[in-house]
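Student: The lines below spell out each chain.
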Amino acid sequence: MLAEFKNRRRKPEPAAPAESPAAAPALMVDPPTERTDCWQHIGIWGDVSCPELQVHLHCRNCPVYAAAAMRLLDSRPPAGYRREWTERMAELAIATDLGTPMLVFRIGDEWLALDISVMEEVGEMRPIHTLPHRREGVLLGVVNVRGELLTCVSVGRLLGIDKGVGTGGLLPRAAAGRLLVVRHQNEHYAFPVTEVRGVQHLALPEAPAEIESEDRILRAAGRGRVMWREQSVCCLDEQKLFAALNRSLA
Amino acid sequence: MLFLTFQLGADRYALEAARVLEVLAMVELGKIVGAPVGTAGEFDYHGASVPVLDLCLLALGRPSNLRLSTRILLLKHESQPGSMWPLGLIVEHATELVPKQLGEFTMVGDALVAQDPRGRLRLLQLDKLLTDELRDLLSVYHLAHSQNADAG
Numbered sequence: 127m128l129a130e131f132k133n134r135r136r137k138p139e140p141a142a143p144a145e146s147p148a149a150a151p152a153l154m155v156d157p158p159t160e161r162t163d164c165w166q167h168i169g170i171w172g173d174v175s176c177p178e179l180q181v182h183l184h185c186r187n188c189p190v191y192a193a194a195a196m197r198l199l200d201s202r203p204p205a206g207y208r209r210e211w212t213e214r215m216a217e218l219a220i221a222t223d224l225g226t227p228m229l230v231f232r233i234g235d236e237w238l239a240l241d242i243s244v245m246e247e248v249g250e251m252r253p254i255h256t257l258p259h260r261r262e263g264v265l266l267g268v269v270n271v272r273g274e275l276l277t278c279v280s281v282g283r284l285l286g287i288d289k290g291v292g293t294g295g296l297l298p299r300a301a302a303g304r305l306l307v308v309r310h311q312n313e314h315y316a317f318p319v320t321e322v323r324g325v326q327h328l329a330l331p332e333a334p335a336e337i338e339s340e341d342r343i344l345r346a347a348g349r350g351r352v353m354w355r356e357q358s359v360c361c362l363d364e365q366k367l368f369a370a371l372n373r374s375l376a
Numbered sequence: 011m012l013f014l015t016f017q018l019g020a021d022r023y024a025l026e027a028a029r030v031l032e033v034l035a036m037v038e039l040g041k042i043v044g045a046p047v048g049t050a051g052e053f054d055y056h057g058a059s060v061p062v063l064d065l066c067l068l069a070l071g072r073p074s075n076l077r078l079s080t081r082i083l084l085l086k087h088e089s090q091p092g093s094m095w096p097l098g099l100i101v102e103h104a105t106e107l108v109p110k111q112l113g114e115f116t117m118v119g120d121a122l123v124a125q126d127p128r129g130r131l132r133l134l135q136l137d138k139l140l141t142d143e144l145r146d147l148l149s150v151y152h153l154a155h156s157q158n159a160d161a162g
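Quick note, the sequences are listed as chains A and B, same order.
If you read the first sequence in the numbering used here, its first letter stands for residue 127, the second for the next number, and so on.
If you read the second sequence in the numbering used here, its first letter stands for residue 11, the second for the next number, and so on.
Pulled out of the complex, with its shape left as it was, chain B reads as follows:
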């Protein structure tokens, strides 16, 4: 099982690569007016509007630094029960994949942590970071798209 690793503040985090549809370079994001904290904006992904969250903004309260290694992970997100809509997540230092087993992550306090030659690797539990306002926002995108599809 492969995990994509990235940096959040001083800690290294991992995310199951199977959840990632695509790793994208940083693009210019359109502002979403009145969006809840943690939202970075939206962008046009092959004709579909995809909302983008900034992990640094969500977890640390500061926007991600603009670097070549700062990338948008396009994730599978279950915005409506039983149906998927992509969600962009900006992370810093998304440069590596590591092979690991899910069983190697053990509960330490509130986090799932695995040992790695480079130090502790935490498993990102995105669902814990999503507030109700953010969930509402993500489902709005899904709804808007399915209505457009029906109209077309």
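So that you can see chain A by itself, here it is in the shape it has in the complex:
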């Protein structure tokens, strides 16, 4: 619709830029018969001679242009518009009920998800300062997050994720690598991940996961596996995860 509106070339109207914005969104029962498209002639897309440009710099900032946009909204809705919105309003309830918001991220080749209630920050990777005589195991060292020294752990090692990109000794140094800061009750940790895919609504399984399952990650700290964009995502149980971290650091 905008294209059609823009392409209607008219003779330049000297009065157009001086049009008072007050006249614009007045009650218009019929489509406006007189259309000004001064921006095509004296504005940014024309010869740039409009005196208003001194003030507004670009037609986008000009009330005349804004008023023209408002007039586009005065047109009748296209066929099926109300039907479509009616259906969308009625449907959405099912869509929003689906799933718990969880932060989805990847360590190595494993996709994991953690409840957003424990997530404190997703930050850039930063140097991890190793601690003397603690070069093995889950503890990686300490990191500085806005002046606070946090224990940096390897969730990849904890869960026994095979060495892929950015697990174990090979910390992610690529641009996609992120440092997640989590807090559960009084425990505060940071851990590096390979990639973060933001908060996704995942439908968690109702029943708790089988303990005797073959899945190593699920057994260590999992709540259940869900399919997300054709990937199997392991949803972590924050209680189990923090308990396992505590055990391995003690």
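Everything labelled a hint here was simulated from the structure, so no lab data went into it.
Take every hint as true, because none was put in to throw you off.
Pairs of lysine to aspartate or glutamate, EDC-like flavour, derived with a Cα cap of 20 Å:
#, chain 1, residue 1, chain 2, residue 2
1, B, K110, B, E26
2, B, K41, A, E213
3, B, K110, B, D21
4, B, K41, A, E210
5, B, K86, B, E26
Pairwise CB distance ranges (calculated):
#, chain 1, residue 1, chain 2, residue 2, range
6, A, Q180, B, A45, 53 to 61 Å
7, B, V150, A, G172, 56 to 64 Å
8, B, Q125, A, G324, 42 to 50 Å
9, A, R186, B, E143, 42 to 50 Å
10, B, L76, A, Q180, 34 to 42 Å
11, A, G273, B, D120, 55 to 63 Å
Quick look at which bits of chain B chain A covers, simulated, 3 or more residues with Cβ under 8 Å:
#, stretch
12, 35-49
13, 72-81
For glycine and all other residues, C-beta sits at the position ideal for the given N, C-alpha and C.
Once you have looked at the hints, place chain B on chain A.
Tutor: Then chain B, alone, in the frame of chain A:
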């Protein structure tokens, strides 16, 4: 404080944006048989029946024009003392938000009016427009829902 502005007849009106839950596009409304004047119908909002009033019908006695800028404001309405139930209100030219202070609206006759670069802006006092029949209708919706919730 933000105010949502719209047109009623020849006048511009404003409503506190904090009272608006959502601005919806016009939907197809189901008729409410025997509903009092000013009612436009009802629609299904995520599984809940929400009654819709037409401000033009209430104030001017003619239905709102069907335009893209004619929208349904989903308002918080206290249908029972102490509890809220959404109420739809059809308004024309609901296209703008303006920052204003409540103190800028001064009593002029029966209306609260503020000055604005685009002219006078009146504060919509919806409670004054609601008749007893309309209030009854709105509370019926609330009751029907709470009974359904209890049964379920």
